[in-house]
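4 protein chains.
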Amino acid sequence: MKVSILGATGYTGAELLRLLAGHPQAEVMHITSESQTGVPIAKVYPHLGGYYTQTLGSMQDLPAIAADSDVIFIGLPHGHAMAAGQTILNHGAKIIDLGADYRFKNTAVYEKWYKLEHVHKDAAAVYGLTELYREQIKGATIVANPGCYTTASILALTPLVKNELIDNSTIIVDAKSGVSGAGRGLSLTSHFSETTENFQAYGVAGHRHTPEIEQALSEAASSEVMINFTPHLVPMGRGILATCYARLKPGVSPEQVDAAFYSMYAQEYFIRLAGRGGYPATKNTRGSNFCDIGWHIDVRTGRVIVLSAIDNLVKGAAGQAVQNLNVMFGLDEKTGLTQAPLYP
Amino acid sequence: MKVSILGATGYTGAELLRLLAGHPQAEVMHITSESQTGVPIAKVYPHLGGYYTQTLGSMQDLPAIAADSDVIFIGLPHGHAMAAGQTILNHGAKIIDLGADYRFKNTAVYEKWYKLEHVHKDAAAVYGLTELYREQIKGATIVANPGCYTTASILALTPLVKNELIDNSTIIVDAKSGVSGAGRGLSLTSHFSETTENFQAYGVAGHRHTPEIEQALSEAASSEVMINFTPHLVPMGRGILATCYARLKPGVSPEQVDAAFYSMYAQEYFIRLAGRGGYPATKNTRGSNFCDIGWHIDVRTGRVIVLSAIDNLVKGAAGQAVQNLNVMFGLDEKTGLTQAPLYP
Amino acid sequence: MKVSILGATGYTGAELLRLLAGHPQAEVMHITSESQTGVPIAKVYPHLGGYYTQTLGSMQDLPAIAADSDVIFIGLPHGHAMAAGQTILNHGAKIIDLGADYRFKNTAVYEKWYKLEHVHKDAAAVYGLTELYREQIKGATIVANPGCYTTASILALTPLVKNELIDNSTIIVDAKSGVSGAGRGLSLTSHFSETTENFQAYGVAGHRHTPEIEQALSEAASSEVMINFTPHLVPMGRGILATCYARLKPGVSPEQVDAAFYSMYAQEYFIRLAGRGGYPATKNTRGSNFCDIGWHIDVRTGRVIVLSAIDNLVKGAAGQAVQNLNVMFGLDEKTGLTQAPLYP
Amino acid sequence: MKVSILGATGYTGAELLRLLAGHPQAEVMHITSESQTGVPIAKVYPHLGGYYTQTLGSMQDLPAIAADSDVIFIGLPHGHAMAAGQTILNHGAKIIDLGADYRFKNTAVYEKWYKLEHVHKDAAAVYGLTELYREQIKGATIVANPGCYTTASILALTPLVKNELIDNSTIIVDAKSGVSGAGRGLSLTSHFSETTENFQAYGVAGHRHTPEIEQALSEAASSEVMINFTPHLVPMGRGILATCYARLKPGVSPEQVDAAFYSMYAQEYFIRLAGRGGYPATKNTRGSNFCDIGWHIDVRTGRVIVLSAIDNLVKGAAGQAVQNLNVMFGLDEKTGLTQAPLYP
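Protein sequences appear in the order of chains C, E, Z and U. Note that the first sequence ends on residue 350 in my numbering; no numbers are left out. Note that the second sequence ends on residue 350 in my numbering; no numbers are left out. Note that the third sequence ends on residue 350 in my numbering; no numbers are left out. Note that the fourth sequence ends on residue 350 in my numbering; no numbers are left out.
Just so you know, the hints here were simulated from the structure itself, not pulled from any lab data. Because the structure is a prediction, the values reported are computed rather than measured. Just so you know, not all the hints are guaranteed correct.
When chains are identical, the list treats them as one kind, so a pair holds in a single copy or across two.
What the hints assert, rightly or not - Derived DSS-like pairs (lysine-lysine); straight-line CA-CA distance at most 30 Å:
id, residue 1, residue 2
1, Lys118, Lys8
2, Lys144, Lys111
3, Lys100, Lys8
4, Lys111, Lys8
5, Lys49, Lys121
6, Lys100, Lys127
7, Lys118, Lys100
8, Lys255, Lys118
9, Lys100, Lys111
10, Lys8, Lys340
11, Lys100, Lys49
Assemble the whole structure, with the sequences as input and the hints as a guide.
Here it is in structure tokens:
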């Protein structure tokens, strides 16, 4: 498979390159960066020295790049993918977009939360949360890779919603992310001295991953679900933990909750169930495509608490993108993704 | 004032010594440690070099220590304070206990959550959350200094509960703490390589600060309140952020929420209101006795989200203990506690 | 004393404000920032909320600011202080410059290393390493506050150089600094995800603190000293450790080395000697104006290794500036600087 | 190849398991732990969940374990390997020891620095710094895997020593390590709250890696070399940077220095040369078996400064052990070790 990456100098692009270096069937053809065109990628990211000799190209050559690729990963800020999408398709390549442009079935939701007109409304995109949409992904030409928070949250809550075990109006997702989720762009929020030994929330009641989680849960529920989602910044590089709360429906037993998780995920390689009473830790997933899930039931209050941990750059971005690549091209889903997490 | 500290080699004890070094009216008489008796405190904690020449004594001399002190801070694991309490009182000293022994009005609650028989049931202790119980503290002989999580949580929620603005059955406190909250005792959980670049929850649905928060909120509500409380471990030394959720009662306006906070706290020196839409950060309180509070209203879901940040070792322990000391002895409450937070 | 700060929004400026908030005899009159003129300082730095109500002014008002101040702290990038110096003096204020402009007796050295013409060559500036130049500082109108690395290095090596115990041609300073030393300006080097869990050197054989260390050691030696100085970036906010190596002259005994340190520093409040075999740790000085020094002798190789730890923003910048302020105005040198370090 | 690990629950053992999980020709037969015998390894290290179903055995079964293995990795504290060595050899397995027992040709040096009698003096062990001793490793039955600091230091200095470009009496190695180097055993030094935001030296003039570095450099020099080695603790999990200083011999040109590095290492896959003026960063090697090396020449002082970065648990321990395994068994040296570093 010939693959190319638009926007290869962000953390998502670099992580794709790290994973693709170990993928036996993917060959990286073109990588682009508008700000560092002409620079060798190993100079931008010395950790990739010895793996890639390529020099960064420009999106100005998009038609040629697309013609020379079976699939194109897009690691650009939202707005750019939908502008480039039709050109890519016209030249015969498939698309895996790691941004938000193709994530919403209803583009009006996109336009409302991203405050941008959607310019590729008729795109036949599939939402790329692999475990839940695998069948559609197989035949897709455009895969919208989910956001990092959303991957952790949706995987945590879907078994409960789908099996109608909780009151969907009581869902709260309190999520915590490492700083790499904010990308490589400079900002005071990502400035080391501000962030080390610090913890705070941001985007309360307004974060753009909210409607994405709601879309997936609504589909699982076959009715509209509205949640509270609160992201926080953790002084570490990688990792997301989502702590999800909901009220159990009257009479739901702990065993029913267990069964919901095991029946949905027991066969999934990339989901490791820590079980009832389990405590997933972000570090156990670091560098890997795993999502570790544990759950707790508070009999005093009647609530279930689900804990879900991923590496935001892998299962939350580049890893799931490679997983989708494998599904789209009929490979074993694990290809290139079997390396064990890095601990400690 | 002559003060002594039982259990001076834990982080709480060390923090008391740091603060008392700058307190113009307190003189440290005796400090104890059963494991390091005879060792100079400046050898155990070199940062205190130049401030203290004292050597650690033993609790075996408790009667003499009490007789030689106006007040005794107790920084021991739970169980020890209630065993020593009567002896201290008998020899004429007051008590500020930084552990859990005296925190519960109903000692049965203590016995249930701490699985230990209470041996000083008739103690006339006052709960030392200064802003809420100031009047009782003035005349107290035993002050039960609150836990770190509880201080942040109770201060965040009391204005809403007291003013009957929220549905008390919907309260969820998702709290995050730096590792110093786990103390100086060695454990794998506090082992650097395990904890750095890691984030996880612990004690879900069973943490002992739960009944303490419930006791204070129930008093504010004049009815029994039951909550979900979930603590998490943040890879940093100091700081707690509590993210508190509750459903607003129908018809409650944002302005009513604002008024609840301002009317209760506007005159409080140690509470800094970041206001509606504000984002307190733990680092802004580091080393200080402040509790910074901000709140958000999600009109989509009808919930209020309150964010509350403290330094767990100061307002969450030693600082509030000194604040209580000042109240008990009729000093300006701020005495020895006015140094600005350490940032960055 | 009426004091003002030019460039109050950098970390050095913020740290001056933190310390001056606890200084009983200094009143902050004016604070400036060209990029955030008109903004309240407590909005730029919320940790200062409750301490300062001032709004940031502009250097365009320098004559009025100087006329209204007894002393002006300058926390601007190099080049700006020497441009403003004469104006300040003309309006009757003294200067404490925290940048490099006034640090070199021979302005040609400044021009060579900073690649900038010096525009205030006849300034009668005193080098503000308080413990070594205290007498001159008393009568100074311009004090050039030393760099952070240089403070740690010069204090470590001067006793050995002054007492002629080492071969000055063998001096190597291997220094390590927290990231706050790089300031609040955004850069990839200070970007959290790049810096956390990372360690590297920079500025090998070319860092601008080299000639500053050499100037002070040459004065102590009464002959020209040339050293190797290598700075490194530590994934932490504050703190510098300098590891200094030199070959002992033949026949020098360990006791002579000890005597050199004790005779020079035993009476210095802000220098804490950890002694021969001692291991200063940056954290023991955090938030304080202390410099902790320990030394080791390797009998196998005949070398002495001196370890010196400071908080780069305090003894390495704002704290020493306040110490100099106290000396210049005849106050107790410790005024406003006695708060204990923040540990853990 | 059938491999077993004695002492599998330390960080070195866990890292071996991580790497061997991706090694196509090695099968893990037995893993032991005396303190956690009978516990599944995936319970001790949840990050390995999905890779290993094995339960920890005991060294009491050493003869059977050895008989069932082609090679045994030993990840035990020093003293244990030499006690077990002969038994292992007798039962037909080879040994790769990650401790110090077999590292010294002259066991008297071992006995002096480790203060322990050597009980396997006639062992024919080969020092396992692969790039330097590859030919001997091919035929070895016992490989003594080097220490982490020593790997970084020896690789940095050997080209200069071997080519006689420096004055060997002037060598100083100032090294910095992440906390994982101290292992999983609990200690105050590795306690999170003590170590985060802290930097300090330890083991000055007495660290046990000193004689190991000296042994290798003396062999390269064909004369006895004595150095200063100073280790420091960096608040991060993984990574070592060695900053090495030496005086160049008169007349040595920068090009000669360059040639020494390129001629020795240009063909080495696991050594990446950052070149003259280059700045290796530990993070660029994280999780990989690379050693990145850069060097600088200070014409003012006539010194060369070499910077060398590794992941202490990989090239400094488990990775190099697997590299040696590959060499011993005639496999491609890179087998199982090609995964790219984890960045950021």
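These are the hints, each one checked on the structure:
no. : hint               : in the structure
1   : Lys118 with Lys8   : neither (36 Å within a copy, 53 Å between copies)
2   : Lys144 with Lys111 : within (18 Å within a copy, 60 Å between copies)
3   : Lys100 with Lys8   : within (11 Å within a copy, 44 Å between copies)
4   : Lys111 with Lys8   : within (28 Å within a copy, 52 Å between copies)
5   : Lys49 with Lys121  : between (36 Å within a copy, 28 Å between copies)
6   : Lys100 with Lys127 : within (17 Å within a copy, 64 Å between copies)
7   : Lys118 with Lys100 : within (27 Å within a copy, 57 Å between copies)
8   : Lys255 with Lys118 : between (32 Å within a copy, 28 Å between copies)
9   : Lys100 with Lys111 : within (19 Å within a copy, 60 Å between copies)
10  : Lys8 with Lys340   : both (18 Å within a copy, 25 Å between copies)
11  : Lys100 with Lys49  : within (29 Å within a copy, 41 Å between copies)
Taken one by one, the earlier hints fail for this structure only at number 1.
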